[in-house]
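Chains A and B are the protein sequences, given in the same order.
Just so you know, we're using my numbering here: the first sequence kicks off at 4 and counts up by one.
Just so you know, we're using my numbering here: the second sequence kicks off at 115 and counts up by one.
No lab work stands behind these hints: they were computed from the structure.
Where hints are given, some of them may not hold.
Okay, derived cross-link-like pairs now, EDC-like style, lysine to aspartate or glutamate, Cα gap no bigger than 20 Å in a straight line [said to hold, decoys possible]:
id, chain 1, residue 1, chain 2, residue 2
1, A, 109, B, 173
2, B, 184, B, 140
3, A, 109, B, 152
4, A, 109, A, 91
5, A, 109, A, 88
6, A, 64, A, 18
Sample of chain B residues with no beta-carbon within 10 Å of chain A, all distances over it, derived [stated by the list, open to error]:
id, residue
7, 116
8, 121
9, 125
10, 128
11, 134
12, 136
13, 140
14, 174
15, 181
16, 191
17, 192
18, 197
19, 200
Each residue gets a CB set at the ideal place from its N, CA and C atoms; glycine is no exception.
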Amino acid sequence: AQSVTQPDIHITVSEGASLELRCNYSYGATPYLFWYVQSPGQGLQLLLKYFSGDTLVQGIKGFEAEFKRSQSSFNLRKPSVHWSDAAEYFCAVGPPQAGTALIFGKGTTLSVSS
Amino acid sequence: NAGVTQTPKFRVLKTGQSMTLLCAQDMNHEYMYWYRQDPGMGLRLIHYSVGEGTTAKGEVPDGYNVSRLKKQNFLLGLESAAPSQTSVYFCASSPAWPALNSPLHFGNGTRLTVT
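If we strip away everything but chain B, and leave its shape as in the complex, we get (with noise of 0.2 Å):
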């Protein structure tokens, strides 16, 4: 049982070049979620979904967009990269409402630098 499984695990991007980081799970959660974690300001969430063609905004989403268009992967990408978006980002899987008895499930992370 894989889990939560991140593609890739590092990257390094030009300024304004664009990709998408892939995230996959095989645990049949409804809920997935993109954070971005940086030093000193903990996990800001990017965006998240609730079910399969369903995406929202959280914390940070300018810059980024998503896709769900089915339920065991979820899609972040960037258009054109900036130095802002140097970060460790991290993907997260629950089987509903992360407040009820659903704890989240995270992938190893991806490291992305922007030159």
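If we strip away everything but chain A, and leave its shape as in the complex, we get (with noise of 0.2 Å):
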């Protein structure tokens, strides 16, 4: 069955600092990857995707992930963290199949400190 793992529930991160949220998917073929990010009180914003070649995407707001196909995982990362970016981040997974949706994972709250 498809699915979407993200182990952190909550990471909490000093402005500045780098950062890294881990997800993994379980899928029965090379599945379309995203991260979303949701501020507050907002829907969902695509933040970034990867559907094939180069590895490692750039996406909005300085972020990057990198799909590693041996390790099943898409790990959301940032240099340097800024306020700003306290929200919850969801990863997804796209079947390769039309027709369907996108399966998401349960997300990862983010808390910058000072």
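Since each chain sits alone in its own frame, please combine them into the complex, following the hints.
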């Protein structure tokens, strides 16, 4: 069965420190992978996506993610976190066949301390 | 350009009452979705539609019905609300199958409380 696991429910990072949010997936084929961010009281916004090619993808707001097929992972990173990055982050996988929808992980809440 | 608009933003229902959540998108998107978001559960797909006049069940469809009579609107109905349906509901749309270069656009959510 397809699934997405975000092992960390809540992470606190100091402002200016680096960040890595973990995402592991279980899928029968090579999935399409996404990271979304949700600010309080808002809907979700796409940060970045991976379909094929270069396994390191760049997104908005200075985020990047690396696809590692051998580890079934798609971890999100940022070199220096800003207080405005505090939000909830969701990893999602897209199936290779049409007529279906994304599967989301349960999310990781990021807090930023000063 | 409004994007995806959800109506209402907040609602309190009593057990057994019915209501309809409206989602409207002005981007001419083919695909539309209803998700619910609960603490610790992430987003779970309720129903979705791959085009006008079509609907399909998602992960947690029980207790909900949907209709897509017009391409721009996707309605989510609760016929007899239960406390377990207390949640934040998100509508989303995409131009095509989401695994292509077709990201989801989300509304700002409807917070529903069933007492």
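Verification of the supplied hints:
1. A/109 - B/173: 14 Å, holds
2. B/184 - B/140: 12 Å, holds
3. A/109 - B/152: Between residue 109 of chain A and residue 152 of chain B the Cα gap is close to 9 Å, so the pair holds against 20 Å.
4. A/109 - A/91: The given pair, whose Cα atoms are some 10 Å apart, holds under the 20 Å limit.
5. A/109 - A/88: Holds - the C-alpha atoms of residue 88 of chain A and residue 109 of chain A are around 18 Å apart, at most 20 Å.
6. A/64 - A/18: Measuring from Cα to Cα gives roughly 15 Å; hence the hint holds.
7. 116: 13 Å, holds
8. 121: Residue 121 of chain B is indeed farther than 10 Å from all Cβ atoms of chain A, at 14 Å.
9. 125: Given that every Cβ of chain A is farther than 10 Å from that of residue 125 of chain B, nearest at about 16 Å, it holds.
10. 128: Given a closest Cβ separation of 25 Å, the condition holds.
11. 134: 20 Å, holds
12. 136: 15 Å, holds
13. 140: Consistent with the label, residue 140 of chain B stays out of reach of chain A, its closest Cβ about 15 Å off (over 10 Å).
14. 174: 12 Å, holds
15. 181: 17 Å, holds
16. 191: Per Cβ check, residue 191 of chain B is outside 10 Å of chain A; nearest 19 Å; holds.
17. 192: Answer for residue 192 of chain B: holds, closest chain A Cβ roughly 20 Å.
18. 197: The claim stands: residue 197 of chain B keeps its Cβ more than 10 Å from every Cβ of chain A (closest is about 21 Å).
19. 200: 17 Å, holds
Taken one by one, the earlier hints all hold for this structure without exception.
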